[in-house]
Amino acid sequence: MSNVISHIREPLVLGDRTVHDVTVDVAKSVEGKANKWWWICFGVAVIAALWGVLCITYTIAVGIGSWGVNKTVGWAWDITNFVWWIGIGHAGTLISAVLLLFRQKWRMAINRSAEAMTIFAVMMAGLFPLLHMGRPWLAFYSLPLPNQFGELWVNFNSPLIWDVFAISTYLTVSIVFWYLGLIPDFAMIRDRARVSGNKLYDNVYGLLSFGWSGKVRDWARFEEVSLVLAGLATPLVFSVHSIVSMDFAAGIVPGWHTTIFPPYFVLGALFSGFAMVLTLTIIMRKVMNLENYITIRHVESMNFIIILTGSLVGSAYITELFISWYSGVEYEQYAFINRATGPYYWAYTIMMTCNVLSPQLFWFKKIRNSFIISFVMSIFINIGMWFERFVIIVTSLHRDYLPSSWTMFHPTFVDIGIFVGTIGIFFTLFLLFARVFPVIAQAETKSILKEGGSQYYGNGSNATPVKEDGVTEEPGESEDGEDSEENNTDNEQ
Amino acid sequence: MERIQRKIIQTMSNKVIHGLYQDDALLLDGVKELRAAGIEIEEIYCPYPVHGLDTAVGLRHTRLAICAFIYAMCGVGLGATMMGFMNVVDWPMNIGGKPSFSFVENMTSFMPILFECGVFCAAHGMVLTFLLRSWILPGVSNTNPDPRTTDDMFLVLLKLDEKAAKSAEDILKKSGAVEINNG
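Protein chains in written order, with our numbering: chain W, 253 to 745; chain Z, 5 to 187.
Just so you know, the hints here were simulated from the structure itself, not pulled from any lab data. Take the hints with a grain of salt, since some may be wrong.
With a cut-off of at most 20 Å between alpha-carbon atoms, the simulated PhoX-like pairs for lysine-lysine come out as follows [unchecked claim]:
hint	chain 1	residue 1	chain 2	residue 2
1	Z	36	Z	178
2	W	467	Z	163
3	Z	170	Z	19
4	Z	36	W	467
5	W	538	W	280
6	Z	167	Z	177
On a predicted model such as this, the values are computed, not experimentally measured, just so you know.
Can you build the whole structure from these sequences, using the hints too?
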């Protein structure tokens with residue numbers, strides 16, 4: 253751990269937490285009882301999840317004729333939801349992998365929950381293509397199985413098969429990355445349970461912690477594995493959404509057949525993913541009492557990324573419009589005019605307002621430094637990004653080459669039920685995760701305490717304690733470093 | 005030879021010392037001083053990773069990254085074999101008048117899955133290697149001698165004979181260990 257204290261940045265951990273305090277705060281949510289807010293959120297999520305399960309059962313029993321899809325609009329809410337959920341998942345990997353490579357320390361407080369979000373979001377995403385098959389029990393046809401099994405080999409030239417490989421790799425690698433980080437935290441809960449004599453927790457977390465003891469050699473290997481996994485996950489996350497975009501871009505439908513789709517989709521995914529991380533973390537800091545760990549500085553950092561990705565997504569929209577005009581292809585031009593002025597103009601307007609205009613408000617410091625406004629904005633962006641996918645899919649399909657087959661898409665209660673249901677299942681899983689798993693990567697947070705803990709910043713302000721000769725005091729350097737830390741804390745109390 | 009010698013010394017050493025530190029910077033200094041005094045450190049248990057501690061203890065840099073590269077290459081090889089066999093050798097499909105009779109001509113559309121196979125094998129292979137090498141597996145019991153080492157304490161474990169134990173305890177005390185016990 254380096255002892256460099258930033259002069260200009262605000263602390264990452266507030267409330268003068270010591271290393272032991274971090275342990276107590278993180279273990280509290282696992283060891284203690286859930287509060288009222290947790291039960292309320294959990295109740296709502298379970299009801300939505302049950303509705304979703306009912307609609308999924310109905311779809312499997314009756315077939316996808318129960319959806320609003322028709323011959324012209326063959327892909328609608330299902331694939332919209334699929335891309336939306338996959339996109340949401342991407343922020344988790346970005347936070348834990350890309351920010352790790354860039355050594356962004358603010359990721360520590362949110363990476364665990366963002367990774368959990370990734371896993372649950374990818375699970376929800378996987379559900380939609382599975383259901384859209386109509387006969388989900390034949391889903392194994394998408395696996396490379398021998399001809400004798402009853403079908404041909406899969407076609408490796410198809411982006412849909414790339415999707416199968418990309419998403420399953422992404423899901424398993426994300427789970428491995430997430431679990432690896434959890435091992436030392438499980439060990440912490442195991443040891444606390446052993447001291448307090450809680451046999452059940454001792455056994456359960458003992459099993460989950462794989463016998464982690466925190467040996468110096470294990471930590472060295474752990475760090476190396478985390479770094480290499482981050483290096484692998486970073487191109488993986490870009491490849492996954494590029495491949496998802498090729499499901500469209502490799503088709504010949506005007507409005508889909510666009511070369512900017514891969515980067516445009518990846519940026520959109522990060523944009524929506526960060527919005528969802530904001531939504532979740534702002535709720536979580538209240539429900540789980542994590543105000544000292546998830547601070548306004550975290551929210552502001554995420555808002556910066558939202559401005560960047562939101563602006564890039566906005567310029568992708570405009571590039572798309574320009575290229576359709578510049579191409580001189582009338583079908584292409586019509587697809588885009590129809591999007592903006594056709595019967596789905598309202599969806600296009602929602603998309604443009606939520607995705608292009610609303611993130612620009614974050615240029616104002618007051619707005620990006622407000623929990624409430626950030627929360628509301630994150631909901632807007634989630635809605636906007638859902639509509640982006642809806643606009644791309646439905647408006648490109650509903651008026652095809654043959655005007656006699658032009659039609660509109662109307663969702664049925666089953667479409668709505670499955671979408672709301674996946675949100676319910678997602679939140680149910682996330683809330684359960686927040687109860688039984690440590691929601692903050694405590695080992696990593698402890699390692700940045702000297703750089704990011706508020707007690708090292710002097711009396712509550714962000715000024716670093718400075719010696720008379722102007723040299724920054726580094727607690728570890730002086731022999732009485734530890735004493736001076738304690739004094740410092742005492743003074744503040 | 006040196007390893008065997010060390011083993012003999014360790015089996016002869018009868019005194020176990022636990023030096024507990026609360027500050028990672030003090031621990032790092034303490035470890036350096038112990039090493040400078042020629043004292044062999046049996047193990048250090050840490051609640052969180054300490055930058056530079058592995059080199060201070062004298063550990064060699066882990067070769068897991070090399071393993072990851074080898075696994076990645078194996079993954080790419082497996083992926084290429086799979087796709088080549090299925091789509092080129094065994095059953096070349098004619099899709100849209102574009103039969104896949106040659107691996108090279110299909111290479112561009114095989115790239116995404118080659119990459120995914122590489123990442124899949126590298127990530128899983130490396131993690132499995134790490135877990136097996138460090139013996140961190142389901143059902144394994146933990147060996148940290150003090151439960152506080154997963155909370156906020158660093159524990160330096162020494163196994164020494166009486167004479168060396170005395171000087172080691174002095175160094176531990178001087179370098180800021182908050183507690184020294186004999187297990």
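Against the structure, the hints:
1. 36(Z) with 178(Z): holds (13 Å)
2. 467(W) with 163(Z): Judged against 20 Å, a Cα distance of about 16 Å means the pair holds.
3. 170(Z) with 19(Z): holds (10 Å)
4. 36(Z) with 467(W): The hint holds at about 17 Å.
5. 538(W) with 280(W): holds (14 Å)
6. 167(Z) with 177(Z): holds (16 Å)
No hint from the list above goes unmet by this structure.
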